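Fit chain L to the supplied structure of chain S, relying on the hints for placement.
Number of protein chains: 2
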Amino acid sequence: MASTHVIAEPRVPQVVITREFDASRELLFRAHTDPDLLVQWFAPPRLTMTVDRFELRDGGTWRYQHWAADGTDYSFRGIFHGEPSPEGIVRTFEFEGMPGHVSLWTVTFSERGGRTLLTHNTVYQSVEDRDLDLRSGMEEGADDSMDRLEELLARLAPVSR
Amino acid sequence: MASTHVIAEPRVPQVVITREFDASRELLFRAHTDPDLLVQWFAPPRLTMTVDRFELRDGGTWRYQHWAADGTDYSFRGIFHGEPSPEGIVRTFEFEGMPGHVSLWTVTFSERGGRTLLTHNTVYQSVEDRDLDLRSGMEEGADDSMDRLEELLARLAPVSR
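So the protein lines, in turn, are chains S and L. Residues 1 to 161 (the working numbering) are what the first sequence spells out, left to right. Residues 162 to 322 (the working numbering) are what the second sequence spells out, left to right.
Isolated chain S, as found in the complex (with noise of 0.2 angstroms):
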């Protein structure tokens, strides 16, 4: 499998996930708005994922949660920023159970040669808040999300690409 880079660092409010994958960009942009492919690699390990609402438009909403196994949730909540497109997704995100401290999260797709790398950028309003996201498991999560997402590729290429 490739590997996950994240870098985050010191007392910069930011942390910048990539990853390479063996896929076009349109296959990894449908992995990420299509809910029915999203909720097979996104949520965090032991935890299973439902799409609420996901507006896929300028100015649309959307909300998920993250369901433990004993039936406690996580939602999550945020408006997209422009057209989603192959070439990137903004939108803002907030974790209901922190109200009030919002980040900016871009994804790009950068299609070399038939493989896409992948970028998740997120912004927060403070290194604090971008600090509480690293302790509870961030770095740890996207490399085994970026995992089964590698795995979801596989799984539809025969019929994708």
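In case anyone wonders, no lab produced these hints; they're calculated from the structure. Predicted model only: the values in this text are computed from it and were never measured. Ideal Cβ placement from N, Cα and C applies to all residues, glycine included. Careful: at least some of the hints might be erroneous.
Said to hold, decoys possible - Listed next, the stretches of chain L that the computed footprint assigns to chain S, with coverage defined by at least 3 CB atoms under 8 angstroms from CB atoms of chain S:
# : region
1 : 247 to 257
2 : 273 to 285
Unchecked claim - Some chain S residues near chain L, calculated using beta-carbon distances under 8 angstroms:
# : residue
3 : Thr61
4 : Gln65
5 : Val102
6 : Leu104
Same frame as chain S, now just chain L:
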């Protein structure tokens, strides 16, 4: 007049501007959200301002223009995240002349004993985007705007407090 503080650290994609005003946070919120008040203080020196759209609600869109004397206009747009209130205003921000470069702009109003600390916190997708803003005269522009805001608040105060 009070002084404007601008924090912009090297290699950090963020600018934080603060200034204390002798006014309630409700009045400061109005000066930020009533287009007739906003255009009186917000534009950079030598530019005038018109507000094209200002849907002040969660998910609402906004768009305004700054105009040079020769008729050149600079348009900006974005979306409000969460319900704007005297607690704060969170929105995305994009200069239409540089599409795809988006920032997250949070304004908070912290009242203490009749005075209010105003904070404009902007986080960018990259340090390069932040540095472009700084080089375009953001600091001087902020100081000038805050002076005009102070003058506006003094004009409003007799009827508003």
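Going through the hints against the structure:
1. With 5 residues bearing a CB less than 8 angstroms from a CB of chain S, the region 247 to 257 of chain L meets the requirement of three and the coverage assertion stands.
2. With a cut-off of 8 angstroms between beta carbons, the region 273 to 285 of chain L has 3 residues touching chain S; three or more are needed, and the interface restraint holds.
3. For Thr61 (chain S), the shortest C-beta to C-beta distance to chain L is roughly 6 angstroms, which falls under 8 angstroms, so the interface hint holds.
4. Taking 8 angstroms as the C-beta cut-off, the interface hint given for Gln65 (chain S) is violated, the closest approach to chain L being about 19 angstroms.
5. Here the hint on Val102 (chain S) is kept, as its CB sits about 5 angstroms from the closest CB of chain L, short of 8 angstroms.
6. The beta carbon of Leu104 (chain S) comes within 4 angstroms of a beta carbon in chain L, closer than 8 angstroms, and the hint placing it at the interface holds.
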